Amino acid sequence: MSTSTIGFTVVQPGILSLLQDAGRFGQHSIGLTNGGPLDRYSFNWVNRLCGNDQNTCAIEASIGGLTLEAQIDTQIAATGGDAPLTINGSDAASWQTHSIKTGDKIALGFSQSASRHYIAVKDGFQIDPMFGSCATVAREKLGGLNGTALQAGDSLPCLARPEAGKQSFQVPASIRPDYSGDITLRVILGYQHSLFEPIQTARFFSNDFELSDKCDRMGFRLTGPDIQSGISGMLSEGICYGAIQIPADGQPIVLLNDRQTIGGYPKIGAVLSLDIPKLTQRMPGTVIRFEAISIDEAQRQLHLANYRDQHTELIPID
Amino acid sequence: MNSHAFRIEVAGENSLIIYFGDTTAPEISTQVQQASRKLTAALGDLIIDQVTSYASLLLIFDPLRADQLFIRKVINDTLASIDTASNSDSASSQTYLELPVYYSEESGPELQLISSNSGLSVDEIIALHQSLTYRVYAIGFAPGFAFLGQVDERIATPRLSTPRLKVPRGAVGIADRQTAIYPDVSPGGWNLIGLCPTRMFNPEASPTMPVSVGDEVRFKAISKDEFHALGGEIGDYQ
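Protein chains in written order, with numbering that gives the first Met the number 0: chain A, 0 to 317; chain B, 0 to 237.
Everything labelled a hint here was simulated from the structure, so no lab data went into it.
Treat the hints with care, since some could be wrong.
[Claimed, not checked] Residues of chain B clear of chain A, computed beta-carbon distances all greater than 10 Å: (1) Ser55; (2) Thr132; (3) Pro202.
[As the list claims (entries may be wrong)] Residues on chain A that point at chain B, a partial pick, calculated with CB under 7 Å: (4) Gly25; (5) Gly30; (6) Gly263.
Since we're looking at a predicted model, the values are computed, not measured.
Cβ coordinates follow ideal geometry from the N, Cα and C atoms, glycine included.
Construct the entire structure; sequences and hints are all you get.
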């Protein structure tokens, strides 16, 4: 049995660095949201690189600016956005593992275009779960070290594993995401969509929207043509991940990891989870289009993505 | 319940929402609760999470282990056998709770506003708030935030046009015909009429909440001394 020890200290916390596992599930009945990584794809691969299962606690660093100092010998990996990674001041590649020695300084610069970065350690950060998860939701004061973002001076517990293998791996270049250019988000029509006038639905699916600067872990607001649902006085109801809410101002909001679990605004459907990283990695001003798909097509896409991930091997590095 | 008493809609890639009506009523809320219990038993760990609200049940399932057609079939088969005429099922897990409230202008900054809107005196408003038994229709917005309904129409008041930046823990508010207790400090736009010393959400306690959806709640006025004796503190209003 390995024992938990201080694995890393936080030298600089950066803009917003949060301990996250896959999320907190099964707790909507007491009003708790999910939390978890905004870019689930990069999160899954950062844990794969470290040989961890997909629910292992890693760091999500938004924009960047995070500096850690290692207190143990271990392996780490980084995936996600485009902030430059350095180890002791030397450039280090993302989407691969790195062997780390006690005293090493791991630093993320700042992103230009893709803003969510994931840093994992072998066996994961050893955080006591709250309600079954270590996912940090600052609004709920739950998860992480004490329900907040990382602070300078925090100690991150890890397992001491001096015998851990030193073999490094990288994610094949062909499956690393490209976070540049306009994006199209696939939308499963749902909730109140059949109550929208056909002309409103047509406007929603045939126009460009822009990502506004009002984006946080609860939801991303878009700007674009005025979409009117014609619905008022709805009872509050459960909100699923990726749901697209259209309030009276006609401007869509995509509801994300830290969303409120219930709400009373009309919704036209929900973004396919596989497409959410395209949105959450982007900066304000990104052009966004929507494409309607059925729930059956969505479920086929989820199976295909799962099959592809399970049948993609990491590439060993000499 | 006949098979037309509910309607299933897609919500997202792995979620269906079942509607039992479109009004706030105890009978509909009871159907939502019954459906939630029956489907939990029928679907087991295929369910990842669920949200029960006023008249709907959002069911989130594992899309790699079950497709939506299977889930729909289970919903239709399971809910066809619910007997709404009998209330025995709802009584099984429903609890009744009396919550103490220190009503005052010090702890309830909107009592005057509700008084001038309604033409009622502050004492009448306080009496009306205690006069009814409320049902927990939904839990959400924040951990432990229970939506209770419905208050007497005479004290129903729309949300503040400018929400407060800071509402203290325990604040008791009214929004339209709903009433609720803020479980913790947060921003909020409800009309505040008093403070409740009972913790509505405590991650260290078991259970973490004193109420669940479907439970019944009444309020009982207490003095400032009783409020403090029960551990209450008068927090900041901003």
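### Query
Are A:Gly263 and chain B close enough, Cβ to Cβ, to be under 7 Å, as the hint says?
violated (9 Å)
#### Entry: 10 Å Cβ clearance of B:Thr132 from chain A
holds (21 Å)
#### Entry: Interface hint for A:Gly25, Cβ within 7 Å of any Cβ on chain B
At 5 Å from the nearest chain B Cβ, A:Gly25 passes the 7 Å test, so the hint holds.
#### Entry: Supplied contact hint for A:Gly30, tested at 7 Å Cβ to chain B
holds (5 Å)
### 10 Å cut-off, C-beta based - B:Ser55 kept clear of every residue in chain A
Violated: least Cβ distance 4 Å, not greater than 10 Å.
### Task
Determine whether the non-interface label on B:Pro202 survives the test: each CB of chain A must be over 10 Å from its CB.
violated (6 Å)
In summary, the numbered hints that this structure violates are 1, 3 and 6.
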